[in-house]
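Asker: Protein chains in written order, with numbering that gives the first Met the number 0: chain X, 0 to 103; chain Z, 0 to 164.
Careful, some of the hints might be misleading.
Claimed, not checked - With a straight-line Cα cutoff of 20 Å, these simulated SDA-like cross-link-like pairs (lysine to any residue) come out:
hint, chain 1, residue 1, chain 2, residue 2
1, Z, Lys118, X, Val4
2, Z, Lys161, X, Phe86
3, X, Lys87, X, Val77
Honestly, the hints are just simulated from the structure, not real lab data.
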Amino acid sequence: MDMSVTINHYVVLSSILFGLGIIGFVTRRNAIILFMSVELMLNSVNLMLVAFSRYRADMAGQAMVLFIYAVAAAEVAVGLAILISLFKHVRTVDINSFSLLSDN
Amino acid sequence: MELYFWIFAAMAIGAGIFTVTARDALPSALGLLTVFISLASLYLHLQAPLVAVFQVTIYAGAILVLVVFVIMLLMTPEDKLAGEQKNLPFRSMGAMLGGVTLILLALGVRGVYCMVGEKALSDGFGAPKLFGSLFFNDFLMHFEVVSVLLLVALIGAVYLSKKNF
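Please construct the entire structure, taking both the sequences and the accompanying hints into account.
Answerer: Shown next as structure tokens:
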């Protein structure tokens with residue numbers, strides 16, 4: 000059996016990491032771990048882009064990864080700032096206690 | 000070269016599992032750091048040295064430090080999440096959703112192999128020189144838009160962390 004590493008291996012690895020990110024995002028209640036799950040998903044997409052860029056011999060994929068880095072940095076900066084200002088009100092990072100917009 | 004892939008793929012998956020299952024946020028962040036480093040190694044395997052460098056400097060160096068800083072600011076010792084297992088139906092539902100997504104993605108991969116033929120690499124593929132000329136010719140406008148986005152995020156972050164927001 001041919002065991003050389005193909006694009007398939009990278010896509011499977013990327014899918015596994017993306018699935019882990021989803022599992023972490025929907026099962027955890029710690030808001031910081033939620034952020035880190037999103038980062039995990041973004042990284043799996045980056046891996047997919049770089050793998051396809053390698054196998055299609057097209058460097059545009061690598062340039063795209065750089066834009067994803069910029070968007071991820073912006074997301075983390077704003078998200079963590081929101082988290083900190085939210086923490087000042089409810090004194091916790093448990094997402095179940097973030098109910099400032101609900102009626103009751 | 001195959002062993003290189005398997006080692007870092009196993010490392011990434013193991014650290015990813017640790018990231019989403021760790022009880023506290025700080026061990027989880029360290030698991031995420033391991034994922035970043037192993038993915039950077041895989042980028043080297045994929046002829047993308049510049050992306051590997053950015054992965055280490057931006058993700059492991061900047062974003063993760065920011066996350067660890069926020070963990071340090073917010074995690075007081077008395078801030079234990081009470082009743083971690085309280086909403087078990089929701090949690091198992093979420094885990095099932097994630098598992099089904101994972102299986103669907105892995106199944107969808109089977110069609111990829113015939114779609115993508117591996118192309119021969121041109122000379123100097125992945126070199127910073129080529130990357131720079133591509134980046135500042137074809138993607139110049141995108142680059143400017145992203146710089147505006149970063150500026151907006153910067154201003155937003157400063158505004159949100161003001162004292163009496």
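Asker: Hinted pair, alpha-carbon criterion (20 Å max): lysine 161/Z, phenylalanine 86/X. Please report holds or violated.
Answerer: Roughly 13 Å separates the two Cα atoms, so the pair holds.
Asker: Is lysine 87/X close enough to valine 77/X, meaning Cα to Cα at most 20 Å?
Answerer: Holds - the C-alpha atoms of valine 77/X and lysine 87/X are around 16 Å apart, at most 20 Å.
Asker: Decide if the proposed pair is consistent with the structure: lysine 118/Z and valine 4/X, CA atoms, cutoff 20 Å inclusive.
Answerer: With a Cα-Cα distance of about 15 Å, the restraint between lysine 118/Z and valine 4/X holds, given a limit of 20 Å.
In this structure, every one of the numbered hints holds.
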